[in-house]
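Enquirer: Based on the sequences and whatever the hints tell you, model everything.
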Amino acid sequence: MGSKLRIRADELQLPWLKAKGFELSLGRVAREWEEEEGPTPMPDIASLREWDKRLLKRYKPFYLPFCDLCCLCTFGKCDLSKGKRGACGIDMGGQLSRIVLLSCCIGASTHCGHARHMLDELIEKYGRDYPLDVGGENVYLEAPIIRLVTGIKPRTLGDLEDVLDYCETELVHLLSCVHTGQEGDNLDFESKVFHAGMIDHVVMEVADIAQVSAFGFPKADPEAHLVELGMGVIDSSKPVILVIGHNVPPAIGVADYLAKAGLEDKVEVCGICCTAIDLSRYSRKAKIVGPISFQLRFVRSGVADVIMVDEQCIRTDILQEAQKVNAVLITTHYKNLQGLPDRTKDPVDQIVEDLVEGKLPGAAILDPEKAGEVAVKVAMQIAPKRRKMGLIPTEERLMEESRRCTSCFSCVRSCPNTLPIPEALAEAGRGNLKPLSDLYEPCVGCGKCEQEGVCPVGIKPHTLIVGAHRREIAEEKFKMRTGRGAIQDIEIRRVGQPIVMGEIPGVVAFVGCSNFPGSWKEVARMAEEFARRKYIICTTGCSAMAIGMYRDENGQSLYETYPGVFDAGGIVNCGSCVSNSHIAGAAIKIASIFAKRRLRANYEEIADYIHNRVGAVGVAWGAYSQKASSIASGFWRLGIPVIVGPHGSKYRRALLGRKEDREVWKVIDARTGKEAYVGPVPEHLFFMAETVEEAMVAIPKLCMRASDTTKGRSIKLNHYIDLHRRLFGDLPDDLHLFVRTVADIPVTMKEEVMAFLKEKGWKEFENPNPDPTLVPRLIRVKEG
Amino acid sequence: MEPWQKAEIPGPVKAVLITRPEVVAVLIKRAKRPLFVVGTEALKEEGGKPLDYAVRIAKAGKVPVVATAQMAMELKKRGLQPAARMAMVEICSRLTDPKWSLHGDGQPHDLVLMLGLGPYYMEWLMGSGLKSFAPHLRTISLNRFYQPHCSWSFPNLSAEEWYKNLEKIAEELEK
Ligand code: SF4
Ligand code: SF4
Ligand code: SF4
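Residue numbers (the numbering used here), protein chains in the order written: chain A, 1 to 784; chain B, 1 to 175.
Any given hint could turn out to be false.
Said to hold, decoys possible - In silico DMTMM-like cross-links for lysine to aspartate or glutamate, where the CA-CA straight-line distance does not exceed 25 Å:
#, chain 1, residue 1, chain 2, residue 2
1, A, Lys-385, A, Asp-235
2, B, Lys-76, A, Glu-752
3, B, Lys-76, A, Glu-759
Claimed, not checked - Over the 12 Å line for every Cβ pair with chain A, so calculated as not near, a few chain B residues:
#, residue
4, Cys-92
5, Gly-118
6, Glu-123
Keep in mind the hints are simulated off the structure, nothing from the lab.
Glycine included, each C-beta is placed from N, C-alpha and C at the ideal position.
Expert: Now the structure itself:
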């Protein structure tokens, strides 16, 4: 497999041809690498269906419709309740799996569009031959997902174009499956969901390795620098530029211009969400405000003079919000223009003048460098004139406001976390701000309680909550390790064996957005608990920030207390959303580097290896976006389970194993070709926990794998039993399914566990340590 | 009757309102294989008063209890040994299987009571999952707020009215 020869020219003039925007593609140039190609280079939608079906046999979908109806086409609405089918013939299971596919297509397309947009810009700037460099000598295996899925070994930015060509084709096919009158079988939809997730991981890898290479982000560096994090770290005495979104080039435009003009110390640049993380990977001066749930509260604080947005997870009313505090909005991406005039082609000074004089509330500038220059110039000019007057009320005002509450509960009924607003307002009215201030952490900042017509007397609960928390906000000063990027090959060599044997009890990835059911600190507490227990903790995006916004008993952030190395007890921030690819990549690298399984275009075998041997679990405690669903889906196809918080039930489908069903927990022993019962490991593929306690007990359980040695299993059981006892008050009632031999039982618990096992009539497993696989073709010695 | 959370719309099939709590007691008595799922929201009000009612109802109605999350511990503190501990999705997905029951005899449950399943949206989704995929089953939400995806539900109630209703059900079963 190689790459296309592609010739591009803006203008081509030959004696016989004159063309503008000329592009010529001449098929693929053979570009081999030493590894032999596996069976599925660039798999199409159906190529890995058999593997998907194997997983879906273990993990059955449980569908959770929001309502009884489908309203996707004009045949409808159709009532699908109680076994009815729609006019097109689809039933509720088909419809719900279709919705999950739609969500994953949205997520994967968003990352794919992001990757394409960034790659185009990088190629324009640096050329197609610009070499990829993810971690120098430390990362020989630079693109594990791309190699695994496509069979391409990318060496340059240009090679990544071929990868995206493939992904875009797949995504178009996948989306078309959602059309009325296409797929009808829910399990085939689910297989397509997995395909979308796999593609998502490929495109995330493209985006991140391209930006790591071209922008000089930390390259697989466990000691990537610490960044200042929190609303309290922003110096509002300077002009402040706030960047929001996921596609970092315009924010880099700001940083570059500041450096060029020698203004780095004169202007404060801070960010929210993944652009903030990526900017901090580029510039040590950049600061991070917080996760996406901090958007409304920080914009309304009025601190930012200029708000610059790129794409994804930006409030779609950002222009109105910016106008409320007299901040200027700059949009930088055609996906998100916010109704603003496109001023890309105008001279900088003219745009600046129009914005400073208030002739326009904002402008779309689709050239990242120009956008950066305009943002700086506008911020410098308006900051002195602009009263940094936010919308957050003084204590006196908010007490007065609170007294107007009639306790009608309308705001509570709009609040996703059902926060006890009227009770807190009643206390605030009496001068006790504490209950209101306490709502700050579990408030996800959605602003639903303030929407038109919610409060009959016009109270703004979210704003009052932020006001009541004003003093603590000033103290929100934390440190976060910036995104390190990939995992080094040598780290994989060091941990591969202990992970596969179970002696490192698991890799726990805290990822996803900030739609938490309670305080964001729950994520930090989980990370701390498992880091202490010597699991490897990985993180990205808003969850990486949530982990940072917490102080441990020494008053330090977890990034200061725990090392950033991919090893037992490390807390590894890989970076932004697209850096999730490095977490999946690490699992793949264990199969390739440690176990020496063939990687190239060999998806099924590698996924089978990971599913049976690599004790990894994803925890997306506050997942809200469609991207989060496609990211999860990419983990599912690799056989890695994902736990979400209660809001994750709104994805409308779980993938659950039935632990008591012995038949589905059989693997094939590749050494003999015989079936072996291994117990429910891992028990689920997509699981919604009701509480953080439930998640914390599920994590060690979902890290158990068929390949655990007795020592490894006993370590894993130790954590499972210990947490179960501490949080649920007793021994797990399913221990007999996870103890394979007496040697699996943790020594200090032997008596108690043996007594329990006896009660259950437990017997040692017949073949407790098979060489596990779900794929018959991987049997090395055929039966007989 | 409107659902408690404003943005929720259930569709054409909606719960019958429980206007007389005695009816719930009768349904429990008549059920051949009832089951009670108790979740963590039952702890959140008035030091777990709703949970105390769950215990009384389960004991008097002889209904086996499945405790979600950390609720087994709380039930035991109140003198009730739950029949099983499972996550909400684990128990509800099993209930969609017409051959599954806690007793393991291939006969499905016919009535499921729910109390404390929450947050509200999670109960909403579990209720709808059962409505669509467990047609052999009838469900009663004993939560404070209207849950249209169940077969029966209280309307949105004040805490006092809610407790009055739960008291009545417990009393009827204790008779
Ligand atoms: S897609 Fe099918 S079920 Fe949905 S509205 Fe159209 S006909 Fe009805
Ligand atoms: S902004 Fe906060 S308080 Fe208001 S509805 Fe959203 S989560 Fe609830
Ligand atoms: S909607 Fe307004 S009046 Fe009603 S409880 Fe909320 S704040 Fe009070």
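Enquirer: Now tell me if each hint is right for this structure.
Expert: Verification of the hints:
1. Between A:Lys-385 and A:Asp-235 the CA atoms are separated by roughly 17 Å; this keeps the pair inside 25 Å, and the hint holds.
2. Distance check on the hinted pair: B:Lys-76 and A:Glu-752 sit about 20 Å apart at the alpha-carbon level, within 25 Å; holds.
3. A C-alpha spacing of about 20 Å is found between B:Lys-76 and A:Glu-759, which places the hinted pair at or below 25 Å, so the restraint holds.
4. With a minimum CB-CB distance of about 7 Å to chain A, B:Cys-92 fails to clear the 12 Å threshold, and the non-interface call is violated.
5. A beta-carbon of chain A comes within 12 Å of the beta-carbon of B:Gly-118; the shortest separation is about 8 Å.
6. Against chain A, the non-interface label of B:Glu-123 is violated: not every CB pair exceeds 12 Å, the least being about 10 Å.
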